[in-house]
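From just these sequences and the hints, can you work out the full model?
These protein sequence lines map, in sequence, to chains B and V.
When you line the first sequence up against this note's numbering, it's residues 33 to 207, in that order.
When you line the second sequence up against this note's numbering, it's residues 1282 to 1477, in that order.
For the record, the hints were derived by calculation from the structure and aren't laboratory data.
A couple of the hints might just be wrong.
What the hints assert, rightly or not - With the Cβ distance kept under 10 Å, some of the chain B side facing chain V (calculated, not the full set):
hint, residue
1, H59
2, M86
3, G87
4, F88
5, L109
6, K113
7, C116
8, S122
9, Y160
10, N181
11, I185
We put the beta carbon where it would ideally sit given N, CA and C, even for glycine.
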Amino acid sequence: MKQQIIDSKANPNATGEADECLFEYLHAELVNYVLTKSSNTAEGEEELSRLEWMGFSVGYRIIERLTREWSRFKDELDMIKFICTDFWSSLYHKQIDNLRTNHHGVYVLQDNAFRLLDKVGTSNSKQYLKESPRLLAFTCGLLRGSLANLGIISTVTAETTTLPSCKFHVQVQRI
Amino acid sequence: MCVVARCYHWHHCSLLVNMSRTGTKLDAKKVNSELFTLTYGALVAQLLKDYENVEDINKQLERMGYNMGIRLIEDFLARTGSGRCYDFRDTAEKIQSGFKIFLGITPTITNWSPAGDEFSLCFETNPLTEFVELPDHCLNLKYCNILTGVLRGACEMVQMEIACWFVQDQLKNDNVTELRVKFVKRLEDAIPAGED
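Right under this line is the structure:
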């Protein structure tokens, strides 16, 4: 069985490229699936840890492939900047609009038109605000996983006050 | 009540692209493709955690594919501007072009049944399985089963009921991956009374 698989990987040029809308539809199905599986917590919040975990495992793997031929990063800030610029624009078609840090391990990444929220709410709509955490959990995990494989252990949370903009808070855990 | 993080001074970081970087630019199309492949892999891994029975996973994947297919058909029609199919051979070619548009691959159409109501799509490569090896305890898992759902959902939206299943799978040591598609029936338009 294993031999076959090695053969198919020997020809990397033959693989196709998936259209971007596939990811969006697949992501919608992940959210859908997680919601059917999850039970609400006592505070009425949805249990989205499955989404976060899937995002983590994707982020962990994808960053390894993307940075394979990349020059070494100088420091933590350099890695976060890479995430905000090249990584983000490849995944979500635009850079992070604003990066702030307190230089004590907290970074705030602000995207004013996040791709997965972009078609949900027109400017400043509040209609689907309550549901928006569902659409952010995967990306929180994606960020956490990417950073983890770069050697940064962190917790990532997201907040959104007006669609389609959102902020990701990255809190680096220092040992 | 002071949130610790807010006690520090905040600094903006310039996000101007560092031109001196020697790394090559990331190819957005390629990244998107890998994002899709890996996300699908994470989903299958999650399903394997959640369900004990592999048959349930196959069903769940098909259902998700169906949900994607009923949306994807709109993208397909909008992009290709194609009209109704003349016959099932026409359908086969349109499905083939759908794979070209969305997955960047062109499966070959083969093994027509004499009645012309059944054909196979053969894949030599498949982006979904790009980084995949099936462990031995997953032999009944139809890893790509989402595709069967996508086809069923998409066809249903153009008034065609089809059945669709895998007969060969490269992940299970077959030479090609073969997806069998069978025409079941035309679905009647539900036209409101008084309209033609």
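Verification of the hints:
1. For H59(B), the shortest C-beta to C-beta distance to chain V is roughly 7 Å, which falls under 10 Å, so the interface hint holds.
2. Contact between M86(B) and chain V, as hinted, is supported at the beta carbon level, the nearest pair being about 4 Å apart and thus within 10 Å.
3. A cut of 10 Å between beta carbons decides the hint on G87(B): the least distance to chain V is about 8 Å, and the hint holds.
4. Hint status for F88(B) relative to chain V: holds, with the closest Cβ pair at about 8 Å, below 10 Å.
5. For L109(B), the interface hint holds, the least distance from its beta-carbon to any beta-carbon of chain V being 7 Å, beneath 10 Å.
6. The restraint placing K113(B) at the interface with chain V holds, with a minimum CB-CB distance near 6 Å, inside the 10 Å limit.
7. Taken as an interface hint, C116(B) checks out: its beta carbon lies about 6 Å from the nearest beta carbon of chain V, inside 10 Å.
8. A hinted interface residue such as S122(B) counts as satisfied when its beta carbon comes closer than 10 Å to some beta carbon of chain V; here the least separation is about 4 Å, so the hint holds.
9. Annotation: Y160(B) was flagged as interfacial toward chain V, and the flag is violated, the nearest CB pair being 18 Å apart, outside 10 Å.
10. Taking 10 Å as the C-beta contact cut-off toward chain V, the hint placing N181(B) at the interface is violated, the least distance being around 12 Å.
11. For the restraint placing I185(B) at the interface with chain V, the shortest Cβ-Cβ distance is roughly 17 Å, beyond the 10 Å limit, so the hint is violated.
Hints 9, 10, 11 from the earlier list are contradicted by this structure; the remaining hints agree with it.
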